[in-house]
Amino acid sequence: MEQTRELLINMGPQHPSTHGVLRVLVKLDGETITWAEPDIGYLHRCFEKLSESKTYTQVIPYTDRTDYLSAITNEHAFCLAVEKLMGIEVPERAEYIRVMMAELQRICSHLLGLGAMALDLGAVTGFLYAWRDREKIYSLFERITGGRMLYNYLRIGGVRNDLPEGIIGTPKDGRDKADKTIWGFINYFESYVLPEWDDLLTNNRIFQWRTQGVAPLPSEVAIAYGASGPVLRASGVKWDLRKNVPYSIYDRFEFDIPVGKENGDCFDRWVVRVEEMRQSARIVKQALQWLAENPGDYIAPKLPRVLKPPKGEVYIRYEGSRGEVGVHLVSDGSANPYKVKWRSPCFTHLQLLPVLAPGHKLADMIAIIGSIDIVLGEVDR
Amino acid sequence: MSLADLWAQHWFRAFVTGSLVLVFALGNFYITLWLERKESAWIQNRLGPMRAGPQGLLQVLADLFKLLQKEDIVPRNVDRILFLIAPFIAHIPALLIFLVVPFGPNMVVADYDIGIIMIAAVTSYAVIATFIAGWGSNNKYSLLGAMRGAAQMISYEVTLVMSVIGVVMMAGSLKLSDIVLAQAERGVLGWYLFPQFIGFIVYLIASLAELNRAPFDLMEAESELVAGYHTEYSGFRFAIFLLVEYVHMIAWSAIAATLFLGGWVGPTPADIPVIGPKLFGWMTGPVWDNVWGFFWFLFKTYLLIFILIWIRWTFPRVRIDQLMDLGWKFLLPVSLFNIFLTGVMKYGWNVLAESGSPLRWIFWLWR
Amino acid sequence: MPYSYVYLPIFALLAVANTAIMIGIPKYLLAPRNPFHGEKLETYECGELPFDDALVNFNIRYYVFALTFFVFDMEAIFLYPWSIVFQELGLFGLAEMFLFLAVLGLGLLYAYKKRVLHWV
Amino acid sequence: MTAQYLSFGALALVTLWSAYKVVTARLITHAALWMALSFTSVSGIFLMLQQEFIAALQVLIYAGAITTMIIFAIMLSSIREIRVEPQEKRSIGQRIRASGLLAVVVGLVFAAFMTYVYYVSEIPKEAVPDAGLLTVRQVGATLFTRFTVPFEVASILLLLAMIGAIILTAKETE
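As given, the protein sequences belong to chains A, B, C and D, one line each in that order.
Under our numbering, the letters of the first sequence match residues 7 to 387, in that order.
Under our numbering, the letters of the second sequence match residues -6 to 360, in that order.
Under our numbering, the letters of the third sequence match residues 12 to 131, in that order.
Under our numbering, the letters of the fourth sequence match residues 976 to 1149, in that order.
Mixed in with the good hints there might be a few duds.
[Unchecked claim] Per the computed footprint, the stretches of chain C lying under chain B, defined by three or more beta-carbons under 8 Å from a beta-carbon of chain B, are:
1) 35 to 43
2) 73 to 79
3) 85 to 95
4) 99 to 109
[To be verified] Computed from the model, here is a short list of chain D residues facing chain C with C-beta under 7 Å:
5) Leu986
6) Ala1040
7) Met1044
8) Phe1047
9) Leu1076
10) Val1079
11) Val1081
12) Thr1090
13) Ser1130
14) Ala1140
[Claimed, not checked] Derived DSS-like pairs: lysine-lysine, alpha-carbon spacing no greater than 25 Å straight-line:
15) B:Lys59 / C:Lys51
16) B:Lys59 / B:Lys31
17) C:Lys38 / B:Lys63
18) C:Lys38 / B:Lys322
19) A:Lys317 / A:Lys55
20) A:Lys267 / A:Lys60
21) A:Lys90 / A:Lys347
22) C:Lys124 / B:Lys63
23) B:Lys322 / C:Lys124
24) A:Lys90 / A:Lys60
25) A:Lys186 / A:Lys142
26) A:Lys60 / A:Lys291
27) A:Lys142 / B:Lys31
28) C:Lys124 / B:Lys59
Worth flagging that the hints you see were computed from the coordinates, not collected in a lab.
Positions of the beta carbon are idealized from the N, C-alpha and C atoms, including for glycine.
Isolated chain A, as found in the complex (with noise of 0.2 Å):
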C-alpha cells in the first residue's frame, strides 16, 4: 500500500474565516494538521513610516487604523506616548472620558471578536447577537465623537470634545435605553447579554466540544512566545498592564484580572474575553458615577497648534483590547516624529499559529485563529 501523501493547501487570503486577508499555508494528512505556517503582508500600509511624514496630531487617525476594531485604545495609547514626551498634565474629566471609551471599546471589540470565532464555528447567530450589541455602542460613540468605526476623538493632552448632555443616563436605565445612554446600555449588557451569551454559546454543549481541549498553550509557551492580552491570561498568567503596569487612572479602579487554566484553550480564552467584558462594564460603571458626580468642562490644556517635543524617546505599554499595544516614540525636537514604531499584540500571537495548530483538525484551524483573534490590518500595519 503507498503512503499517505500530504496535501497543501491555502487557505486564504481570500478564505471566509482568516478574518481579513490572512493567508495560512497548510499541509494535511488527511483532515489532521501537520504544518501550518501564517504568510502576512495583504494588508501593510507603512503606517509607521508614513507616521515620520505627519505632525503628532496627525498621526493619531492613523493609529485608529491600525486595530481598527479597537480605535480608541490605540489613540489612548498613541497620546500617552506623547504626553510623557511632552510632560502634558491631562485633565482628570478627560482621564475618566478616555479611560470609559477605552473600556466601551474593549466591551465592542470583544464583542466582534468573540462573535466572528462563534461564526468561525457555525453559530451564525451568535455572531449576529454580538452585531447587534455592538451596533448600539456604535451608536453611543457616533453620538460622542462623531464617527462610527475610526473616531480621531482623542486629543494629545484631553479629549476633543466633552460627552453630549444626557448620555450617561441614570442608573435606573434599562433596556430601552440601551442605544441612548451609556449606564442604560451597561445596565442591558450585564442583565441580558452576557447571560444570553452564557446560554447560547458558553454553556454550548456542541460549542464546548468545539473549544474544550483545542490548541492548548502552556503558559511557559505563551510567555515565550511574547503574547499578551486575554492569550496570555487564558493560559494562567495574572498579568493585566491596567493593574501591573499602571497608566492613565487605572489604580482608581476596582476590577479584577480574568485568568485560564495552566494550559489555556480555545475555551479558556473565549471564557477569558467574556469575563473581561464583565470586568469593562464594572470600570465603565465606576468611570459613569464619577463623571457624573463631577460636572465641568475643561477636557483639554490649551497646547501650542505645532507641537515640537524635546529630544528624546518613550515607550508606552497599554493593555490594548488583544494585549500589549507597545508605541516606541524617537523625537529628534522637529514636528514630526523621528520614529513610530509600533508593537502589535496580533503580530506577536499570530505567531502562535504553527505552534498551536499542528495535531489538530483542519476545522479547529479556524477556531485557534478566532481564539487568538487577530486583525489583520494591526498585523500588517
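Fit chains B, C and D to the known structure of chain A by using the hints.
Coordinates of chains B, C and D only, in the frame set by chain A:
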C-alpha cells in the same frame, strides 16, 4: 384513445404524477427557502428580506433570477464529465423519494411494498453525486468536502435505517401507507412518536446529518471549506445543488411525519363533537378526506422543517471526528437498543394482552 | 405488476429533464458567455493560483468507515424482513435476531476498542 | 409484450455496455461510476422479473455500499490523473489489442457457449409462470425459520470481515 384509457397506462400516469411531484417539490423548495430566511431572521433579531414583495416573498424569485444570469463556468482543470453530470445525479434521488410518500389517504404515487427499503436504496445515489461533484472539481476544498460528505452520509445512513426499523416492527409492514393506517387505528396518541421516541430522536439527528444541515453541515462548512463539494459550481448548476438540498429536507421531513407523526391522519372539522357533524357534515367523502389528509401531511411536514431550521440557526457546527463518534459510538448503539426494546416490549404485549394481568399495562404503549 | 415500476425510470427522467432545463435555459438564453481563457477558469484556491494536485491518496483509516458501513448495511437488509415477521416468529425470532445483533455488536465493540472508528 | 422486450433489451444493453466500460475506462473513477450504472440496470432487470426486494437490495448493496467502498479504495490509491493525454500512433496489432477486440471475441465465444449450455440443460426454457412476487414477508418467513443457521453464520462472516478490515488498517497505521 380516451383519457381514461390513457390514464390506465402506467407510463402516462407516471408522467402526470411525476410532473405534479416536481411542481410540489419546486413549490415547497420556494416556500422552504423563504421560510428559512424569515425564520433565521426572526431568530437573529432581524427582519430578513422585506423589499421584494410583501414580507420578501419574491426575494427567492429575485435570487433565482440573479442565478439565471450567471455565466456557466466550467473550470479548466476539472474532470469535465464528472463535473457536468453531478447535478443531474444529485437531482434524481431527491425526486424518487416522493414516489412512496403518502400525501393523503389515496394520494400515493406508487405504493410499493418495499417503500422504506426503496427510500434507503435511492438515497445511496446522493452519496455518489456528492462524491463525484467534489472529486470532479479537482479542488482541494471540494475533495475534502466530498470525503467528509461520503463518510458522513454513509455513517448516518446506517443509523437512519436502524432508527426506522422500530417503526416497521410496530406496523409490520414496509409500505408507508400501511404504516400510516396502522397509526390511524391507534388514535392520535398512538402515533409512533411515543413508543418510538428514541427512534424519532435518532432519526431527527441522523436526518440532519444526512441532509448536511447545520450543526452537521460539514461538507459545505463555509468557514472551513469555503463551499465544500460545490465550491466550483456557479450559476444554475449551483442552484441545482441548493434545490436538491432543500427538496431532500422536505422529503426527509415528510417521511418523518409519515413514520412518526401519523402522516395524513388528523382531525377534520366533522370530528368536532356535537356541532361538527351538523355544520361540517358535508365535508366528508373521498375528496374531502384527501384535502384534509394533505393539509395535515403538509402541516406536520412543515412543523418538522421548522424544527430543522430552528436547530440550524441555534447550534455551532460539530467537528468531523466528533460527528463520526456521535454516529458510530452513540447513535448506532442507541438505535440498536431501540430495536431490542421494541422487540421485547412488543413481544411482551403480544403474550400478555389477553391474559388480563396488570403487568400488561407496562407494554401497553407498544401494543 | 411489473409495469408499476415504470414510475422509477420516468421519475428519474423527469429529474434529469428538470436539471437540463434549469441549466440549459439560462446557459443558452440568458447568461452571458464570455469565454475568457484566463485565471477565471482556474479552480478556486483562495485567490492564489492552484498549486499541487488536489487528488492525493488519503489515509487508509477512511476505508474502515466504508467497510463498517457495508457490514451494517448488510445487517439492515436482514433486519427488514425480520422486522416484518418477528411477531409471527415469537420468542424464537426475537432470540435469533438478538444473537445476530450481538455478534455484530461485538464487531462494533472491537472497532471501538481498537480505536479505528476515529476520523483522522 | 413488445414494450417488455424492448425495455429488457435496453437494460441488457446498458448493463453490458457499462460493464465493458468498467474494464476499458481510462480513469478509475469513471470505471467505478460505470460499475454503479451497471449495477443499477441489473436491478432494473430484477424489477422486470418482478423481484422488487432483490432489486432494492441490488441498489442498496451494490450501487450504494459497494460503489462507495470502491470509491474509498480509489481514494487510497495513487491514481490521480483527471485528463487523458492524447495517445501516440500505434501499430495495427497494438490497436487491436488496445481496442479490446480480443475481449469482444472471447466474450462472444463465451456467450455462444452459455447459450448452448442453456439449450441442452434441463432447466425449463420458459420462465416459471407462477413464480409470483417474492415479498419481503416471504423472505423473512423462510429465512428465519428454515435457514436459521445460515443466517447466524452470515453474522459471523460479517463479523470476520469487519475484524479483518480493522486488523489491516491497524497494521497500516502503526
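Verification of the supplied hints:
With 6 residues having a beta carbon nearer than 8 Å to a beta carbon of chain B, the segment 35 to 43 of chain C meets the requirement of three or more and the stated coverage holds. With a cut-off of 8 Å between beta carbons, the segment 73 to 79 of chain C has 4 residues touching chain B; three or more are needed, and the interface restraint holds. Judged by the Cβ-Cβ criterion of 8 Å, the segment 85 to 95 of chain C is covered by chain B as claimed, because 5 of its residues qualify and three suffice. Using a Cβ-Cβ cut-off of 8 Å, 5 residues of the segment 99 to 109 of chain C lie near chain B, which meets the minimum of three, so the contact claim holds.
Checking D:Leu986 against chain C: minimum C-beta separation of about 10 Å lies over 7 Å; hint violated. The interface hint given for D:Ala1040 holds, since its Cβ lies 5 Å from the closest Cβ of chain C, which is under the 7 Å cut-off. The interface hint given for D:Met1044 holds, since its Cβ lies 4 Å from the closest Cβ of chain C, which is under the 7 Å cut-off. The beta carbon of D:Phe1047 comes within 4 Å of a beta carbon in chain C, closer than 7 Å, and the hint placing it at the interface holds.
For the restraint placing D:Leu1076 at the interface with chain C, the shortest Cβ-Cβ distance is roughly 32 Å, beyond the 7 Å limit, so the hint is violated. Checking D:Val1079 against chain C by beta carbon gives a least distance of about 28 Å; that is not within 7 Å, so the hint is violated. Because the closest C-beta pair between D:Val1081 and chain C is about 32 Å apart, greater than 7 Å, the hint is violated. Violation of the interface hint for D:Thr1090 is found here, the shortest Cβ-Cβ separation to chain C being roughly 25 Å, above the 7 Å cut-off.
For D:Ser1130, the shortest C-beta to C-beta distance to chain C is roughly 4 Å, which falls under 7 Å, so the interface hint holds. Restraint check, D:Ala1140 versus chain C: the minimum CB separation of about 4 Å is within 7 Å; hint holds. Of the supplied pair hints, the one linking B:Lys59 and C:Lys51 holds, its CA atoms being roughly 19 Å apart against a limit of 25 Å. As the CA atoms of B:Lys59 and B:Lys31 are separated by approximately 20 Å, the hinted pair is consistent with the 25 Å bound.
In summary, the hint linking C:Lys38 to B:Lys63 is supported, as the alpha carbons are separated by about 8 Å, within the 25 Å threshold. With a C-alpha separation of about 46 Å, the suggested pair C:Lys38 and B:Lys322 falls outside the 25 Å cut-off, and the hint is violated. Distance restraint check for A:Lys317 and A:Lys55: the Cα-Cα separation of roughly 19 Å lies within the 25 Å cut-off, and the hinted pair is therefore satisfied. Distance check on the hinted pair: A:Lys267 and A:Lys60 sit about 44 Å apart at the alpha-carbon level, beyond 25 Å; violated.
A threshold of 25 Å between alpha carbons decides the hint, and for A:Lys90 with A:Lys347 the separation of about 16 Å falls inside it, so the pair holds. Proposed proximity of C:Lys124 and B:Lys63 is contradicted: the alpha carbons are some 52 Å apart, above 25 Å. With a CA separation close to 11 Å, the supplied pair B:Lys322 and C:Lys124 stays within the 25 Å bound. At roughly 19 Å between alpha-carbon atoms, A:Lys90 and A:Lys60 fall within 25 Å of each other, so this suggested pair holds.
For the proposed pair A:Lys186 and A:Lys142, the alpha carbon gap of about 8 Å is at most 25 Å, so the pair holds. A threshold of 25 Å between alpha carbons decides the hint, and for A:Lys60 with A:Lys291 the separation of about 37 Å lies outside it, so the pair is violated. For the proposed pair A:Lys142 and B:Lys31, the alpha carbon gap of about 23 Å is at most 25 Å, so the pair holds. For the proposed pair C:Lys124 and B:Lys59, the alpha carbon gap of about 52 Å is over 25 Å, so the pair is violated.
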